[in-house]
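**Student:** What follows is each chain in one-letter form.
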Amino acid sequence: ILNVEQSPQSLHVQEGDSTNFTCSFPSSNFYALHWYRWETAKSPEALFVMTLNGDEKKKGRISATLNTKEGYSYLYIKGSQPEDSATYLCAFPYNDMRFGAGTRLTVKP
Amino acid sequence: DSGVTQTPKHLITATGQRVTLRCSPRSGDLSVYWYQQSLDQGLQFLIQYYNGEERAKGNILERFSAQQFPDLHSELNLSSLELGDSALYFCASSASWTVVETQYFGPGTRLLVL
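Chains L and X, in that order, are what the protein sequence lines are. Everything in the first sequence is counted per the working numbering, starting at 1 for the first residue and increasing by one. Everything in the second sequence is counted per the working numbering, starting at 1 for the first residue and increasing by one.
Looking at chain L on its own, in the form it has when it is part of the complex:
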C-alpha cells in the first residue's frame, strides 16, 4: 500500500511564530510532490509542485524543501499570520494522485 503521511495532524501557533510540517512519501518511483493550502469552506489551492531532489521553492512567507532519496518534504511558514490558518495537504502522483490527510494549522492572534 502506498501511503502519504503528514505530520503533525494539527498545529496551534501564535501569530508571528514560524512553523514547519512534514510530508513523507515512498522514495521509489518519484515524479513530483504537490503541496496545497485548503481553507475551510473553500477549495484546495496549489502552492508548489516539487520535482527535483534538493529543490526549494518559495511563495511569500511559505517555502518548501524536497528530499526524494529519503522520501520527505518540509513546508515552512515564517512569521505565521491568522490568515495562514488552513489545512496544508501534500499529494504524491503514483498511478493516481495520493493525498496525505493534511496538517491543520491554526494561528492565534
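Derived by calculation from the structure, the hints in this document are not laboratory data. It cannot be assumed that every hint is accurate.
[Stated by the list, open to error] Computed Cβ-Cβ distance ranges for the label pairs, DEER-style: (1) L:Thr40 x X:Arg63: 43 to 53 Å; (2) X:Thr98 x L:Lys78: 23 to 33 Å; (3) X:Ala14 x L:Gly54: 45 to 55 Å; (4) L:Tyr74 x X:Pro70: 36 to 46 Å; (5) L:Pro109 x X:Thr20: 42 to 52 Å; (6) X:Glu82 x L:Glu56: 40 to 50 Å.
In this text, a Cβ means the ideal position worked out from N, Cα and C, and glycines have one as well.
Got chain L sorted already, so can you dock chain X onto it with the hints?
**Tutor:** Same frame as chain L, now just chain X:
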C-alpha cells in the same frame, strides 16, 4: 478564483437516484480530474481525462462514470446513489496530462443523499 467552474454548487437527492455533476476547466487546460471528499476520508482521486480520453483511474465505483466532451468540459455521473455517496466532489484542471503540472481546483459540488 481558479478559473475552474462546477455546477451545481449543492445537490440534494434520494437513494437510488442518478445525478450529473458538471465541470468546466480553466481556459486552455486539457486535463480534468475528479476527486471525492467524504466526511470520514481525505481527498480521494476518482478519474482523470485528458483531451477527451480517460487517462488515469482511481477508486471510482462502477456506479460512477465520467466523460470529457469535445469542448473539454467534463461530467461525472453518479447512479444508484447510496447514503455513503454523500460527499464534496471536486473537479480540477491542468494544462497537460503530466503529473508535474499544477492542478487548479473548482469550488466543488456538495452532494447530499437522503
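**Student:** Each hint: holds or not?
**Tutor:** Hint check results:
{"no.": "1", "hint": "L:Thr40 x X:Arg63: 43 to 53 Å", "verdict": "violated, 30 Å"}
{"no.": "2", "hint": "X:Thr98 x L:Lys78: 23 to 33 Å", "verdict": "holds, 31 Å"}
{"no.": "3", "hint": "X:Ala14 x L:Gly54: 45 to 55 Å", "verdict": "holds, 53 Å"}
{"no.": "4", "hint": "L:Tyr74 x X:Pro70: 36 to 46 Å", "verdict": "holds, 43 Å"}
{"no.": "5", "hint": "L:Pro109 x X:Thr20: 42 to 52 Å", "verdict": "holds, 44 Å"}
{"no.": "6", "hint": "X:Glu82 x L:Glu56: 40 to 50 Å", "verdict": "holds, 45 Å"}
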